[in-house]
Structure formats: C-alpha cells, structure tokens
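Protein chains: 2
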Amino acid sequence: MLKIVVDAMGSDENPRPDVAGAVLAAREWGDTIVLVGDERLISAELAQHDTANLPIEVVHAPEAITMTDKPAVASRQKKQSSMHVGMNLVKAGSADAFVTAGNTGAVLAVATLHTLKRIRGIKRPALGVRFPVPNFPLLIDGGANADVKAEFLAQFGLMGSLYMEKVEGIANPKVGIISNGEEDGKGSLLVQEAFELLKELPINFIGSLEPKQFFGGAAHVGVTDGFTGNVMLKSAEAIARLLLGELRDAIYSSTRTKIGGLLARPAFDQVRAQMSSEQVGGAPLLGVNGIVIIGHGSSSAIAVKNAIGQARRAVQGNVLEAIRGVVIHESAG
Amino acid sequence: MLKIVVDAMGSDENPRPDVAGAVLAAREWGDTIVLVGDERLISAELAQHDTANLPIEVVHAPEAITMTDKPAVASRQKKQSSMHVGMNLVKAGSADAFVTAGNTGAVLAVATLHTLKRIRGIKRPALGVRFPVPNFPLLIDGGANADVKAEFLAQFGLMGSLYMEKVEGIANPKVGIISNGEEDGKGSLLVQEAFELLKELPINFIGSLEPKQFFGGAAHVGVTDGFTGNVMLKSAEAIARLLLGELRDAIYSSTRTKIGGLLARPAFDQVRAQMSSEQVGGAPLLGVNGIVIIGHGSSSAIAVKNAIGQARRAVQGNVLEAIRGVVIHESAG
Numbered sequence: 000m001l002k003i004v005v006d007a008m009g010s011d012e013n014p015r016p017d018v019a020g021a022v023l024a025a026r027e028w029g030d031t032i033v034l035v036g037d038e039r040l041i042s043a044e045l046a047q048h049d050t051a052n053l054p055i056e057v058v059h060a061p062e063a064i065t066m067t068d069k070p071a072v073a074s075r076q077k078k079q080s081s082m083h084v085g086m087n088l089v090k091a092g093s094a095d096a097f098v099t100a101g102n103t104g105a106v107l108a109v110a111t112l113h114t115l116k117r118i119r120g121i122k123r124p125a126l127g128v129r130f131p132v133p134n135f136p137l138l139i140d141g142g143a144n145a146d147v148k149a150e151f152l153a154q155f156g157l158m159g160s161l162y163m164e165k166v167e168g169i170a171n172p173k174v175g176i177i178s179n180g181e182e183d184g185k186g187s188l189l190v191q192e193a194f195e196l197l198k199e200l201p202i203n204f205i206g207s208l209e210p211k212q213f214f215g216g217a218a219h220v221g222v223t224d225g226f227t228g229n230v231m232l233k234s235a236e237a238i239a240r241l242l243l244g245e246l247r248d249a250i251y252s253s254t255r256t257k258i259g260g261l262l263a264r265p266a267f268d269q270v271r272a273q274m275s276s277e278q279v280g281g282a283p284l285l286g287v288n289g290i291v292i293i294g295h296g297s298s299s300a301i302a303v304k305n306a307i308g309q310a311r312r313a314v315q316g317n318v319l320e321a322i323r324g325v326v327i328h329e330s331a332g
Numbered sequence: 000m001l002k003i004v005v006d007a008m009g010s011d012e013n014p015r016p017d018v019a020g021a022v023l024a025a026r027e028w029g030d031t032i033v034l035v036g037d038e039r040l041i042s043a044e045l046a047q048h049d050t051a052n053l054p055i056e057v058v059h060a061p062e063a064i065t066m067t068d069k070p071a072v073a074s075r076q077k078k079q080s081s082m083h084v085g086m087n088l089v090k091a092g093s094a095d096a097f098v099t100a101g102n103t104g105a106v107l108a109v110a111t112l113h114t115l116k117r118i119r120g121i122k123r124p125a126l127g128v129r130f131p132v133p134n135f136p137l138l139i140d141g142g143a144n145a146d147v148k149a150e151f152l153a154q155f156g157l158m159g160s161l162y163m164e165k166v167e168g169i170a171n172p173k174v175g176i177i178s179n180g181e182e183d184g185k186g187s188l189l190v191q192e193a194f195e196l197l198k199e200l201p202i203n204f205i206g207s208l209e210p211k212q213f214f215g216g217a218a219h220v221g222v223t224d225g226f227t228g229n230v231m232l233k234s235a236e237a238i239a240r241l242l243l244g245e246l247r248d249a250i251y252s253s254t255r256t257k258i259g260g261l262l263a264r265p266a267f268d269q270v271r272a273q274m275s276s277e278q279v280g281g282a283p284l285l286g287v288n289g290i291v292i293i294g295h296g297s298s299s300a301i302a303v304k305n306a307i308g309q310a311r312r313a314v315q316g317n318v319l320e321a322i323r324g325v326v327i328h329e330s331a332g
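So the protein sequences, as listed, match chains Z and W.
Read in numbering that gives the first Met the number 0, the first sequence has 23 at position 24, and its numbers run on one by one without any break.
Read in numbering that gives the first Met the number 0, the second sequence has 61 at position 62, and its numbers run on one by one without any break.
Among the hints, a few may not be true.
Copies of one chain are not kept apart here, so a pair can be met inside one copy or by any two copies together.
Straight-line C-alpha distance at most 25 Å; calculated DSS-like pairs for lysine-lysine [as the list claims (entries may be wrong)]:
| no. | residue 1 | residue 2 |
| --- | --- | --- |
| 1 | K185 | K148 |
| 2 | K78 | K185 |
| 3 | K77 | K185 |
| 4 | K185 | K116 |
| 5 | K211 | K69 |
| 6 | K69 | K185 |
| 7 | K116 | K69 |
| 8 | K78 | K116 |
| 9 | K122 | K90 |
| 10 | K116 | K77 |
| 11 | K198 | K69 |
| 12 | K116 | K2 |
| 13 | K148 | K198 |
For the record, the hints were derived by calculation from the structure and aren't laboratory data.
Given the sequences, and given the hints that come with them, work out the whole structure.
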C-alpha cells in the first residue's frame, strides 16, 4: 500500500476540497493519505465526512503558504509550512508522493531549493501540464522556468517522454518541440538549437509542433520553455472561456436561440466537462527527488482526488527511477 | 484619392479573392486600386466582374511567390514577383500602400531587405495582429521576429501605440507587455528588461498582461516577441476551432441536442462571424518605409476588401509620419 501526502492548506478554498478529495481517494484506493496542515482545521473538516476505517493520518504544520505569498520569500521564511513538512516526509522516505493545490511558484521553490532538491544531473525541474484535448498531450515546461537553455529543453523532452511512458502507459511517446512553424529555419535560435539536441536523444522525436498540431493531439509531449508554455496554457484557458461566454450571450439574445440552448445544454455540459482541468488531476513537477503533483488552485474535491490518483500512478510507474537512470546514462554517454 | 496596390497573386486561391476584393474596394471607396501580378490571369478574373468606370489599373509582374516558397530564397531570387513590383510602386511614391494575402515570411523579407527597407532608427519591423476579442487589441509582434532584444520590444510598444491612436482613433491607447504573471519578478529576463524600458516611453504603459487580460481586452496593445506572439495567435485559433468542433460533435450526438443546435444556429453563426479574422482585415507590418497590410492566406474577397480598408485608414492616419517622428525624437532625446 502506498502512502501519499496531501497538502490540506493548498487550494483556494482550503482545507475543504483538499480534505474531501483525500477522503474520496482513501475510500477508493485504500492507500494511506497523510493530511498535512493546521491540525485543528483538518480535524474539523474530517468530522464532516464518514472516515471510519479509512487510512487517513494527520500531520500538523504550523504555517501555510498562501496564493498571495511571494514564492521566493515564503519558501525561505515559512519553513514549517504544510509544503515543507509534507515534502520532507517524502524526502525522509516516510511517504511516496506529495500532492498540493497550492501556490505553484512556492511548490517549485520549496521542492527545488529547500526540501527534495533536483535529481543529480537534471539541470532544471519542469512542470508537466496535460491538456484536455485529443490524446491529452503533456506540455513541458508549463511554467517553472521562464528562462532556459537548449540543454534544459532537451531534458524536458526526456523527462516528458519517460512520464508518458511509465506513468500513462504510452509506448514510445511522440515528442515534439513547440515552434512558430514547421518549415526549416522557423523557430527561435533557442528552439533550433534544442531541436538538434532532441534529435540525438533516445526518444521518439517527431520535430516541430505548431500549436494547431499540439492541441490536435499530434504528439504526446510538447517541449517548450516555461514562459511560452505558461502563455499557451493561459491563452487556451482564456480563449475557451471567452468563446463559451460569447456563445452563451448570443444564445440568450433571442427566444429561438434560448430554446435551442436549453435543448442543447447536455452537449455544452459534455464539452465543458471534457475540457475541464478537473479530469486531468494535476501537473507533475519532474526532475526533483520525489513525486510532486500540483493541482489548480481552484481544485474541487474530485480534482484533488484525481491528482492523488495521478500521484499513485507516478509512484507505481517508477518514473523517478527511470529519470535517474536515463540522466546517469546520458551523463556517462 | 488614394492609390492602393493589391497583390493579385497573394491568397491561397489567387487571383480570385484578391481581384474580387479589389473590385469591392474600388466600388465602395472610389480609390484607385492597382492590381499587380500575372496580367493575363488578372484580366481574365476582372472580366468576371462589372468594372465599368471603376478606377482599377493592372501592372504586370512576371513572377509570383507561393505559400510553399522559402521566404529568404524567394525574396532574393524572384525579383520580379508581384510583391517586389508592388512594394516598389509604393517605394517610388507612385502608390500609397501595399496589400497582400501572400506568404508572410516573404512579405517581411521583400519589404525589409529588398524594397521599402526599415524606417531609420527602427531596429526591427514587426507584425501587428488584431484579435477579434473584446476591444480588438493589437498584438505586436505577431510573428516577424522570433529572436528579439528588450529595446526591440520597447519599439514595438511605441509603434503599436501610434498605430492604435492614428489608425484606429483610440486616444492614449493602453499598452501592456505579455507575461506569465502579474506579480513582481514574473516574466522572463527579457520581459523584465523590456518592462523597464516601456515604463520610460511616452505611452500609456499599464504593465504586465497575462493572456487572460489581453484576450479580455484589458489593453489596446500587447507587446511580445514574434515567437510568443505567433504561438499565442495560433493557439487561440486552434482552441477556438477545437472547441467549436467538439460542440458540434456533442450536439450531433442526440436528437434533442441536434434540434437545440438547429434552433441555436444563429447564435453560433454570430459568434463565428465575430471571431472570424475576415472582419479584422489584415496585419500591418510596422516599421518599414511604407504601409504594408498582410492578410490571411485563406482570405475571402471580403477579407481582402477589409485589408484594403485598413490600408486606407493607415494612410489617412499618417501612421508612417508618426513613427518616423517619434523615432527621431527618441534618438535625439
């Protein structure tokens, strides 16, 4: 049985969805869930659920990092935060993975600088973000590193490929690099340099990916820097929301279309559910010495549960060992 | 009366939509339209329209640059292309503006390296792309420069602001820089450096813009490098298309939703029309010695006409003089 640490102080509505998601996960999979955070708040929240015989433990952490905290400052000053305490449990080998819906920048800083640290040989840990589009591709980096070098991008490709293979069970995942065109000579100098490095790696590198191809599911992994990746992620969310909002307004503008909209509502609900990040769970932080899954701040209980499910798969797939093995191999070769 | 050159060999379906759009523009505004390209093809196409008394001229160009031509090669080798001939008419002062729906990379190369050349003091010309979202903001650079320096970004902000003021009549346009977060310390090093330069310019700089804010219309101008800008543009197109496609599939999946979809169709048509690039016309190439408007390769006749309309406004707004004046002022200051 696994032991998974859940940050009870993570989400915007903490500790409600965080605790509720932990209860759902404990009930479904029977793994031990360790809730870390303010003990009194967690107990009060647990009392709202039927937790009889569920393998749930609580570990107190006197501090909590908020969404408005500055990551660099909070990760240095709040050493007793639920993030620090939780990741240190993983570091000590007392637990298998850490799941949080908290401040992404703070998770990165706490993991990379203060607790788990980088895997030896990994230049920069990166955030893998799966998109709810055809084939659920992974974009890496989704926002951890705004400034990168070509060799970092090559490692992102390697880690992303291993993740999709080991954790999601995709044989020989297709890896591409996000670019502004498919033709020769397109892409920034950085992308062109990384392209050459990716070609040499023991992965299924398929070349440049325009956004249309990435969102269309042409690859399982899209490699990019954390600035571009974050802008893509946020652009996609913004456009989807805008389009659905404009459709709603247009539908409400006449009686005929209003009736049509009512009848078509199941279709809208279906698409909204398909495109919801709730189904995806969370984003793995790859390249640190431990499994860390980061959920959206607005996570619901279901989203937290799914992030825990993702952490389970990452542990069972031995993705950490795989990354360590490849990096050593690459360094030696 | 203005004289506007239209590349008859530009669009994917050339010369049909290009010529048809020129006829529509000549009829609506009475400006002289100079169609440049294969004289026989243009004449045959013009014969399909009632052009009696319309101020349309034809200038022969023996070569044409295609969508599959490599920009750097074609712009150097096809010196008699419709792009070269057309832009040289503007350069010589025989016409006021050049409109094309052709190969964007080739337009950039022909304009910047072979015909109009950069405005003195402008580091890099850039593509301004207006988005069919609230407030129709301009993203600059939409794809001309994959690699930039902070000082280029500052000039993009200046040119974008002047364009929105002089051509679109927006007083004191709000200018922001695209970033991966609003907080201090967010953004790549490039963005942080450009931020400081933009603050010092005589424009209404409002700071960082996350994609959500840009697409929500929080600024009139979003400044970014051509790599990020192009990825944003293509991501937005891809997500909008994907979402509408999934909605259509979901609506077709049951009789109830199919009937709803039929009734709601006017709402879908309205949103599709609102979000169509047809309404926007084309993208100005800012920073070269002449008005150049670049339309989508898939332009319809209406899109070509609207691009010509945009060229007219750019001429009437004296945006070239404004850019020249500010650059001289900046260099002197």
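Hint by hint, here is what the structure shows:
1. Taking the closest pair of Cα atoms, K185 and K148 come within 25 Å of each other both inside a single copy (18 Å) and across two copies (18 Å).
2. Proximity of K78 and K185 under a CA criterion of 25 Å is satisfied inter-copy only: 23 Å between copies versus 45 Å inside one chain copy.
3. Taking identical chains as interchangeable, the C-alpha atoms of K77 and K185 lie at most 25 Å apart only when they sit on different chains, with a minimum of 21 Å there against 45 Å within one chain.
4. For a Cα distance limit of 25 Å, the shortest separation of K185 from K116 across copies, 22 Å, qualifies, whereas the shortest one inside one copy, 35 Å, does not.
5. Taking CA atoms no more than 25 Å apart as the test, K211 paired with K69 passes between copies only; the shortest distance there is 21 Å, against 34 Å inside one copy.
6. Taking identical chains as interchangeable, the C-alpha atoms of K69 and K185 lie at most 25 Å apart only when they sit on different chains, with a minimum of 10 Å there against 37 Å within one chain.
7. In this homomeric assembly, K116 and K69 come within 25 Å of each other (Cα to Cα) only inside a single copy, at 20 Å, whereas the closest approach across copies is 46 Å.
8. With identical chains, the CA atoms of K78 and K116 are at most 25 Å apart within one copy only, with a shortest distance of 15 Å there and 58 Å across copies.
9. In this homomeric assembly, K122 and K90 come within 25 Å of each other (Cα to Cα) only inside a single copy, at 19 Å, whereas the closest approach across copies is 51 Å.
10. In the homo-oligomer, the alpha carbons of K116 and K77 lie at most 25 Å apart inside one protomer (17 Å), although the nearest pairing across protomers, at 56 Å, exceeds that limit.
11. Proximity of K198 and K69 under a CA criterion of 25 Å is satisfied inter-copy only: 23 Å between copies versus 38 Å inside one chain copy.
12. In this assembly of identical chains, the alpha carbons of K116 and K2 lie at most 25 Å apart only when taken from the same copy (20 Å versus 65 Å across copies).
13. In this assembly of identical chains, the alpha carbons of K148 and K198 lie at most 25 Å apart only when taken from the same copy (16 Å versus 28 Å across copies).
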